[in-house]
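Start from the sequences, fold in the hints, and give me the full structure.
Top line first, the protein sequences correspond to chains R and E.
Counting from 39, one number per residue, gives the positions in the first sequence under our numbering.
Counting from 4, one number per residue, gives the positions in the second sequence under our numbering.
Don't read these hints as lab results, they were simulated from the structure.
Be a bit skeptical, because a hint or two may be false.
Claimed, not checked - Derived pair list, reagent style BS3-like, types lysine-lysine, alpha-carbon separation capped at 25 Å:
1) E:412 x E:242
2) E:175 x E:5
3) E:252 x R:125
4) R:101 x R:119
5) R:119 x E:362
6) E:183 x E:362
7) R:125 x R:101
8) E:5 x E:183
9) E:175 x R:170
10) R:170 x E:5
11) E:252 x E:5
12) E:440 x E:362
Stated by the list, open to error - Calculated Cβ distances over 10 Å to all of chain R for the following chain E residues:
13) 7
14) 49
15) 118
16) 120
17) 159
18) 236
19) 377
20) 447
21) 474
In this text the structure is predicted, and so the values were computed from the model without any measurement.
Where is the CB? At the ideal position from N, CA and C, for every residue including glycine.
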Amino acid sequence: MPSLTDLQMRTLAAAIDRIVPADDFPSATQAGCIEFLLRLIDLEGLGDFYRSGLDGLEAEAAKHGASFADLTLQNQDAQLKRCQGIKRSQGWRVSPREFIDTLARQTIEGYYSDPGNGGNRGGVAWEMVGFKVTA
Amino acid sequence: MKFDVIVIGAGAGGGVAAGVLAEAGMQVLVLERGRSLSYADVPRDHLRNHRLSQYGHGTGPDLEGNPRLFNGRRRNPIQGGYNNNASCLGGGTLVYGMQAWRFHPLDFKMASTYGVPKGSSLADWPITYEDLAPYYERAEWEIGVSGGPPAPQMPQRRAYPMPGVPMTAKAKRLAAGCAKLGWETQTTPMLINTVPRDGRDACVRCQQCVGFACPSNSKNGTHNTMLPRALATGRCTLKTQVFVSQILKARGGRVTGVAYVDADGIRHVADAGAVVVAGGAIETARLLLNSRIGGDAVGRNLQGHYYAIAAGYFPEPIWDGIGPGVSISTLIFNHGNEGVIGGAMLSDDFIIMPIMFAKNFRPPNVPAWGQAHKDWMRMYPRFAQVGGPVHEIPSPDCRVRVSRAVRDKWGVPVASLSGTTHPETVRTTRYMIERAKEWLAASGAEEIHAGQPGLGLSAGQHQAGTCRMGCDPTDSVVDVDCRVHGHDNLFIADSSVHVTNGGFNPVLTIMALSFRTAQSIVRSL
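Below, the structure written as structure tokens:
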């Protein structure tokens with residue numbers, strides 16, 4: 039498993055729960071997307087990319103005097119959107135846009151792909167959209 | 004041991020050739036670079052399959068050691084531009100969507116029907132629909148096609164051996180739309196057992212069809228029909244995980260056999276009275292080029308299909324979970340379209356995996372993440388798409404060459420792909436997208452949307468054209484019997500020989516041509 043610090047893990051969890059928020063169906067973390075992403079990061083060699091991006095998000099939040107996970111949900115959304123619009127930024131070792139795009143894409147891959155991948159625990163996302171496998 | 008015939012590649016074309024040749028009494032050696040895969044070997048992973056190969060595919064070629072170049076950039080089999088097809092026993096037919104179309108009679112006469120647009124290599128086939136019709140029938144009966152009578156745009160033919168797939172709830176809406184528009188339809192013909200046949204079960208109507216192996220073994224590919232028939236004769240030797248690096252030539256144009264490498268890297272030579280190449284349009288061209296066989300035409304006219312697709316939502320759920328999901332088609336736009344060349348068959352589509360819906364069908368007004376994205380995903384049961392393969396107008400500049408610099412794990416120069424299709428392909432695609440939109444609108448769908456095509460290279464799983472059939476060795480590679488010009492005992496039995504690729508999925512044409520080619524080999528040896 040890739041080594042993320044506790045802070046990086048906290049930022050990751052908060053961020054992906056804005057990608058797929060909870061409503062009457064689970065959020066990304068509730069459905070197992072953390073486990074999905076950690077495995078994917080490991081398989082695809084994305085450790086540095088994720089660490090850099092999560093540190094970037096954290097540094098951005100620090101400008102508002104808080105940790106990303108402690109921002110209001112509204113401010114988390116606003117920050118993710120803002121970062122998604124920035125190609126390059128000082129204090130980021132990766133492109134903010136590339137990081138948010140990848141984080142969103144891969145979280146959604148975990149949430150909506152087969153339960154065997156780990157991010158769609160018990161097939162909750164399939165239940166939500168109405169997809170079923172019968173054989 | 005000297006074989007009568009070596010068949011290179013055990014996919015749609017090679018599998019058929021092996022069966023016909025072995026049953027005709029020949030000693031046949033089949034060399035397949037992929038593995039023999041059981042149902043359990045093929046992933047049911049929605050991120051690693053042949054429909055969506057985001058991180059892998061599990062059906063070969065292996066991601067390491069098999070690069071290609073695309074416009075000079077190195078690509079592995081799951082990266083864009085590689086134009087992958089499954090590499091395993093049965094080839095693409097293990098995991099394909101198995102639509103079983105005959106090409107339209109005019110598909111063989113594109114140049115004389117429409118003229119040749121400047122810059123394109125559009126040409127008539129040197130054979131006609133009527134030449135191929137008896138072999139289409141063999142493929143339909145011997146490999147096994149289900150479906151109903153042909154649409155009025157097609158010639159009459161013998162009925163298929165099996166009834167068609169059932170109409171889904173979505174198809175019923177689309178049928179009503181066609182009735183309103185006055186468009187004739189037909190059940191989509193498929194190489195699938197809709198009833199038990201040939202010692203195998205019927206389709207269980209599951210939701211993971213195209214891109215996956217079949218849970219009831221009712222998907223009819225060469226792996227479960229023609230290859231077992233070849234092996235049952237006792238005259239077919241099958242080697243998997245062996246890679247043919249070169250076709251060996253003698254003086255005077257005859258070939259003597261092939262050189263190949265096994266899974267351990269050990270090099271072998273096999274001798275034969277004739278060689279049949281069936282590696283697919285990219286690998287067949289690569290092998291000929293690496294063997295210094297054929298003229299300037301080898302590797303040119305690489306084509307596949309542009310897809311004209313439109314999508315929308317019905318006011319209420321239409322998802323009924325009945326696979327494979329394709330069941331209704333219209334052929335009224337394959338030809339005779341005002342102002343464009345050729346056209347396409349249009350049909351509904353396979354049941355789509357939710358993650359593919361998320362990736363490929365998000366309209367521009369829906370954000371990439373967040374609550375609004377999650378709300379949009381709930382539209383899934385109301386979603387429908389229609390579309391079809393547009394008859395490509397070929398360009399001689401769409402090419403397979405071999406790289407000077409990049410080699411595969413066995414040290415063999417890899418395929419290097421370049422070029423873009425002819426602009427007329429894009430025009431026809433735009434025209435067909437409008438027809439797809441019309442169909443959805445008449446059927447009651449709303450919020451209809453479609454992407455717009457640009458100039459690019461299409462090859463993919465429908466790759467074709469790189470060793471085209473013709474009479475003139477300066478602009479074709481094989482003759483009307485699919486024999487390589489100047490090489491009496493060297494044949495090609497895959498989509499490389501297609502002069503154009505039809506406005507249809509090409510696999511039944513590959514199979515039919517292979518029946519015909521194998522038959523002519525039997526006569527000639």
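Do the hints match the structure? See the list:
{"no.": "1", "hint": "E:412 x E:242", "in the structure": "holds, 19 Å"}
{"no.": "2", "hint": "E:175 x E:5", "in the structure": "violated, 56 Å"}
{"no.": "3", "hint": "E:252 x R:125", "in the structure": "violated, 56 Å"}
{"no.": "4", "hint": "R:101 x R:119", "in the structure": "holds, 16 Å"}
{"no.": "5", "hint": "R:119 x E:362", "in the structure": "holds, 19 Å"}
{"no.": "6", "hint": "E:183 x E:362", "in the structure": "violated, 32 Å"}
{"no.": "7", "hint": "R:125 x R:101", "in the structure": "holds, 19 Å"}
{"no.": "8", "hint": "E:5 x E:183", "in the structure": "violated, 63 Å"}
{"no.": "9", "hint": "E:175 x R:170", "in the structure": "holds, 21 Å"}
{"no.": "10", "hint": "R:170 x E:5", "in the structure": "violated, 52 Å"}
{"no.": "11", "hint": "E:252 x E:5", "in the structure": "holds, 15 Å"}
{"no.": "12", "hint": "E:440 x E:362", "in the structure": "holds, 20 Å"}
{"no.": "13", "hint": "7", "in the structure": "holds, 41 Å"}
{"no.": "14", "hint": "49", "in the structure": "violated, 4 Å"}
{"no.": "15", "hint": "118", "in the structure": "holds, 45 Å"}
{"no.": "16", "hint": "120", "in the structure": "holds, 39 Å"}
{"no.": "17", "hint": "159", "in the structure": "holds, 36 Å"}
{"no.": "18", "hint": "236", "in the structure": "holds, 33 Å"}
{"no.": "19", "hint": "377", "in the structure": "violated, 6 Å"}
{"no.": "20", "hint": "447", "in the structure": "holds, 19 Å"}
{"no.": "21", "hint": "474", "in the structure": "holds, 49 Å"}
In this structure, the earlier hints numbered 2, 3, 6, 8, 10, 14, 19 are contradicted, and the remaining ones agree with it.
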